[in-house]
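Number of protein chains: 2
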Amino acid sequence: MKIIDLTLEIYDGLKSYLSHPPIVIRPESTFENSGHRYVEPCEGFESRFLEMSDHSGTHIDAPLHFIRNSQSTAEMDLTRCYGEAVCLDVTPFKQAKDEVTYDMLEKAVAAQGIEVQQNDIVLIRTRTGQWGEEGFFEEGAFAPSAGDWLIDNQVKCVGLDLANIDTHDNMAREVHMKILPVPIYIIENLVNLDQLPKDKHFTFSALPLKLKNATASPVRAVAIIND
Amino acid sequence: MKIIDLTLEIYDGLKSYLSHPPIVIRPESTFENSGHRYVEPCEGFESRFLEMSDHSGTHIDAPLHFIRNSQSTAEMDLTRCYGEAVCLDVTPFKQAKDEVTYDMLEKAVAAQGIEVQQNDIVLIRTRTGQWGEEGFFEEGAFAPSAGDWLIDNQVKCVGLDLANIDTHDNMAREVHMKILPVPIYIIENLVNLDQLPKDKHFTFSALPLKLKNATASPVRAVAIIND
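So the sequence lines, in the order shown, correspond to chains A and B. Note that the first sequence covers residues 1 to 227 in the numbering used here. Note that the second sequence covers residues 1 to 227 in the numbering used here.
Simulated from the structure, these hints should not be mistaken for laboratory data. Please read all numbers here as calculations on a predicted model, not as lab measurements. Be aware that one or more of the hints could be misleading.
Since the list gives no way to pick out one identical chain from another, each pair is judged satisfied if it fits inside one copy or across any two copies.
Straight-line alpha carbon distances no greater than 25 Å define the calculated BS3-like cross-link-like pairs of lysine-lysine that follow [claimed, not checked]: (1) Lys97 / Lys198; (2) Lys200 / Lys2; (3) Lys2 / Lys212; (4) Lys15 / Lys212; (5) Lys178 / Lys97; (6) Lys107 / Lys178; (7) Lys200 / Lys97; (8) Lys97 / Lys107.
Isolated chain A, as found in the complex (with noise of 0.2 Å):
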């Protein structure tokens, strides 16, 4: 068994989106302010305080974030964040300002030779640069047709390695409406789709922390390649 880690780092000070805070990890216990409660060898312990958005760094969507009195984190369906996963890459398709687009993704279907089935996750690749680099926040991202496809596929989850998956100036938020309802999850801030195989499926796994009434949870988003 092989992990592939597909998940942004946290780091104190990182800002993963324009509208959210910069993410905090401070001192809690230290060695030093808490050796003194205890007995040798033990020399104390460390803790961290964490102060973030629910949409911080790689996270995953509840319907809430967008749809009102629907299902926040706590009560997301965990066998649609878990399970059968592709990656569909569109990069030969694709230029920075462009948006995916329901032809793209038929197009990569057909160019790798892969069968999306029912309740598969589909990751999508939609570039060939590093998170945050210049331009990062501007790109395009889904246009409304690939929410289309991803409903007429029956998808259950779907992650893509841009901050937001409709783009910033489509202010109906198209995408997100969508598909929230379904439900199908968003995945957003995914890394190292480039490390995953393009001609097979594997296991993904996203699950939420059980967070009361929030509309999102970050996330440790891993592929699992079986041997």
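Please build the complex by placing chain B on the supplied structure of chain A, with the hints as guidance.
Coordinates of chain B only, in the frame set by chain A:
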């Protein structure tokens, strides 16, 4: 495939260990304060701000929690947090104030007729009551000999239904100090262990968030039972 959720729900105000401040989940964006920027049918978006210790709720300890200059959360070996697992039930042999011993774990293996294999993840059910009820934080946890049992059996990760694998008044934190350097990772505050099979292996997952320089991570801990 069936997923059994072994995770304590995290809610605003929860204290999952006496030493840490209560968890905070508070509004960040709301439909009311963001809606004006969006176009129908989008009514704006909801997000939450999270504030918590890295040891909150059901969490996995990194070696850095107790061992200076050792592995932090982002450096943890994910192949030790996911894989074949067994649940050992010591409740027939343990009263609330008793500590779990080497002998109790041997008795549970024999009573359940299950073989613990090298690199298994081992979950220990120590009690029959509800998480957090009166007396929960005062229960006897692992004796140092139970740590020896984990090392002798070459397990890669251990989980339990208490908030601390060491009994609180053991100020040398002997079990943490014994097993974290191996490393055998420690998952605390599991729930629903009564729902697990006792006579066979299953797949377990408790992947940490990728938190740089952190000493633990809240996790979504689950058992995956294949049909």
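Hints, one by one, checked against the model:
Only within a single protomer do Lys97 and Lys198 lie at most 25 Å apart by alpha-carbon distance; the minimum there is 24 Å, versus 54 Å between protomers. Taking CA atoms no more than 25 Å apart as the test, Lys200 paired with Lys2 passes in both settings, with 15 Å inside one copy and 23 Å between copies. Within a single copy, Lys2 and Lys212 get their C-alpha atoms only as close as 32 Å, which misses the 25 Å cut-off; across copies the closest is 22 Å, which meets it. Taking the closest pair of Cα atoms, Lys15 and Lys212 come within 25 Å of each other both inside a single copy (24 Å) and across two copies (14 Å).
In the homo-oligomer, the alpha carbons of Lys178 and Lys97 lie at most 25 Å apart inside one protomer (22 Å), although the nearest pairing across protomers, at 54 Å, exceeds that limit. Taking the shortest alpha-carbon separations for Lys107 and Lys178, only the intra-copy value of 22 Å comes in at or below 25 Å, while the best inter-copy value is 55 Å. In this homomeric assembly, Lys200 and Lys97 never come within 25 Å of each other (Cα to Cα): the closest approach is 29 Å inside a single copy and 52 Å across copies. For the homomeric pair Lys97 and Lys107, the shortest alpha-carbon distance inside one copy (19 Å) is at most 25 Å, but the shortest distance between copies (64 Å) is not.
In terms of the numbered hints stated before, the structure departs from hint 7 and from no other.
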